[in-house]
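Asker: Chains as they are written, first to last, in the numbering used here: chain A, 1 to 263; chain B, 1001 to 1333; chain C, 2001 to 2323.
Calculated directly from the structure, the hints in this document are not laboratory data.
Please note that a few of the clues may not be correct.
In silico PhoX-like pairs for lysine-lysine, Cα to Cα no more than 20 Å straight-line [claimed, not checked]:
(1) A:K70 to A:K34
(2) A:K70 to A:K32
(3) A:K259 to B:K1136
(4) C:K2153 to C:K2012
(5) C:K2227 to B:K1279
(6) C:K2259 to C:K2227
(7) C:K2198 to A:K70
(8) A:K153 to A:K180
(9) C:K2259 to C:K2011
(10) C:K2012 to C:K2131
(11) B:K1278 to C:K2280
(12) B:K1136 to B:K1027
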Amino acid sequence: MNNAYLPFSSTVTEIIRHTDIEYTFRMSFDGKVKPGQFFEVSIPRYGEAPISVSGIKKGTVDLTIRKVGKVTDQIFENYEGSTLLMRGPYGNGFEIRNYRGKELFVIAGGTGLSPVKGIVDYFADHPEEAVSTTLIAGFKSPKDILFREDFLKWEKRLQVIKTVDAAPEDYKGLTGMVTKNIPDLPVMDRSNTAFITVGPPVMIRFTIQEIVKLSIPEKNIWISHERKMCCGLGKCGHCKMDSTYVCLDGPVFNYAEGKYLID
Amino acid sequence: MGYLISRKAADQLFEKLSESHDIFAPKCFPGEGCFSDTDIIRYGQVRSLAEIEFEHRSDYSFKEALLAIHETLFYFTEDTTSVPACMDRRLLIFLRSCDLHALKRLDAIYLHNGPEDFYYKRLREKADFVLMGCEKTCDTGFCASMGTNRADQYDLYLKLNQNTVLIDCPSKSLRALINTSDAGVCEVTPDYVTENEEKVTLPENLSVESFDHPVWEAYGSRCIGCGRCNFVCPTCACFTMQDIIYQDNARVGERRRVWASCQVDGYTDIAGGGSFRKKQSERMRFKVMHKIYDFEKRFGYPMCVGCGRCDAVCPEYISYANLINELAKEEQP
Amino acid sequence: MGLDINTKKAKKNAYRISKVRGESAARIRVPGGCLKAGILGMVQEIAEKYGNGTVHLTTRQGFEIEGIRLEDIDAINEMLQPIIELLDINQTDPGTGYPASGTRNVSACIGNNVCPFANYNTAEFAKKVEKAVFPNDLHFKIAFTGCPNDCAKVRMHDFGIIGMTMPQYDPSRCVACQACIKGCRSLSVNALRLENYKVVRDTEKCIGCGVCVTKCPTRAFTRSPKKYYKLTLMGRTGKKNPRLGEDFLIWTDEDSIVKIILNTYRFVKEYIDPNAPGGKEHIGYIIDRTGFAEYKKWALEGVELLPETQIRECVYWSGIHFD
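Only chain A is shown next, with the shape it has when bound in the complex (with noise of 0.2 Å):
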């Protein structure tokens, strides 16, 4: 009998450093695994914490951690030349084909962007697979950015809008709320459109109000929902929305059904 608990060993190949509190882990890994899946990584003795996978390459996945709890503070400690052990990926994760041939926005905040940046790089590498790519990301400050030499990548391929909350005078950068640059997106077909916002729950409340205001249809939205994750296996109840267990049938869903999603 499988048992599902038991981690599995997975070697750190590369780290990088976005802000003091947030680094990419490249990981060994060679399963299958989707964009806004996430892992249960842990370190022994200090416990487990779910984490979005950032990227997927061949033979590894990239997982960005923040360094905001136990879990995560062990990993910054410890994590030198070693491994971490992983039990995953869970969850349903976005399917690319949802987005193929679409106006594409993906409107992000803060380390909401890991889950969807496997969705970001794919169009930055398959421009022509969408009518066009629209990329919002929000951040705190502009020490919070994170994929800094994505960003490089990025604003070639796509549109991209990269925004902070707050800044230095000095700071050349767009500043404000990611919801500020949603009402002059350039739409053109509204049901040709697909929409991903993924963030902190009142950045996507807000985000969807606006996202809404511009008419788009419910079933063009998606949305990825960060809730308290134990087991990932559908048991111990913590991510539970209604019928639905956000480690099983999420943490992705379309609006049309996650919109009647309540805590």
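Position chains B and C against the provided structure of chain A, taking the given hints into account.
Answerer: Relative to the frame of chain A, chains B and C by itself:
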């Protein structure tokens, strides 16, 4: 087809069963109640029929016999993990009809919702179930309302009379243990109640709209978030994982799971400080809707089996049964 | 005609001499403050037949029937007999009322008959002590309280008995919900902490109040089968030096308490000031005179303390000094 055997023969049967099974049943723990000089009835290993509490419903359900309050998933050493061995004997669990229906709910979560749970399954496969009949209704139970007052998925049924014991034994393997030489053969139908004092009507038109019902605030504002209702519930199945380090050797530790309660602080806390249901009224709504609405949407039958333990244990006298009836009342024209 | 009454005898017979000439108040002891309701009717009958129809509920949980004519004492003693018997008060001659009054009614909070916090049946223990000490006429005040909340204000008594329980913790039933820890922090002495998701009890700090047990939703914390008590000594009110009783024994048992109280009667008989007004001297003042070491020697004679009992070798009192 059942048997009528002497009490002595039943005690011998118990002995026989003990050879192959660890036997768990409700029993009285004197003085272990919440308040001084009060008792508690909960599950524990029993060594004789006399030790089993047949008269009253247990305060805590059978679930801890299958789903330990605290279970080690595996031990960590330097680089290895090792899974604790499963008991090699079989398990025999005495339980009432409501709890046998609850077993189906636990199975739904642990065997059919996502991948099978390794730990639950290995114990579940070793378990046989003995039905205890209900001659009369318990105080707060509403099994008749929930249709859980009768159960037929048992391996053995025992009814203790003064000097005799009635047995029904659908399980072939257990039947082999019954000494039928002196046994009278008769028709045995398990005792069950057809009506409870507590009657519950399930609302039929619950939906997302129900989330705004004033009943949540009315009841939730009285709740102290202790989680007793979850811990006594035979169908509440939530747990939380914990990693610990052994104090005398920080390189060794274990990962375990312990029961969790959706009413207690911390249930929805995520790393970095967010949490999703801060108010008790929201937690109350979450629990009740799970029991009578969204579980059914997923699995086709309500989660609640109407055992009434949550109402009996609530220190704030919150009646979950009454809350449901309030919801149903609104629907009447 | 002038009344000819032996007031010393009347006082010992539990009658208070009133400020109203010719009147007294009949005092009824109710050990543990617990009585069958029927007794209330008997008290009423006396009050209406011989008193002025008014009954005072005393601070020590007895009754005082007001406006009794001193010449009616014998008749009232007859009427008191069923009350004395129902409350199982030790008596020397039936029909003669209470044989002593110096040792005051043994009082108690409502205890675990009703109160969720109480760690024992206070009334039962109070009655047991009453049986052991009465009719002793020395001025002793003894009170029982179910838990360290001390609703019975036992620290204002010569002997205060505070209920304790030794929390029994089964880590395998603990889900780390922290109800006990929060309860101990907010309602008691903050003796619990979470370590490795399990609760650690600071045994030095723990006062055995039982809050952890009442708060625990899974029965991980339960009460010890054995009941424990804290014995506090020599609290008092009064004109000279009112003060709170101090801890003497912690985690002690019933037998030790009963023996210590009985030993104290012997001690007082030995050391009481022979010129004390009305033969009445607070024990505490006697101990102040003899020194605590001498008292302790008497008090513990023949007492076998439990191994777990903590004893204060020296006890110092403070309080307010007016003398």
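Asker: Against each hint, give a clear statement of whether it holds in the structure.
Answerer: Outcome of the hint check:
no., hint, in the structure
1, A:K70 to A:K34, "violated (27 Å)"
2, A:K70 to A:K32, "violated (29 Å)"
3, A:K259 to B:K1136, "violated (46 Å)"
4, C:K2153 to C:K2012, "violated (26 Å)"
5, C:K2227 to B:K1279, "violated (39 Å)"
6, C:K2259 to C:K2227, "holds (17 Å)"
7, C:K2198 to A:K70, "holds (17 Å)"
8, A:K153 to A:K180, "violated (24 Å)"
9, C:K2259 to C:K2011, "violated (28 Å)"
10, C:K2012 to C:K2131, "holds (18 Å)"
11, B:K1278 to C:K2280, "violated (62 Å)"
12, B:K1136 to B:K1027, "holds (19 Å)"
Going down the numbered hints, you'll see the structure goes against 1, 2, 3, 4, 5, 8, 9 and 11, while the others check out.
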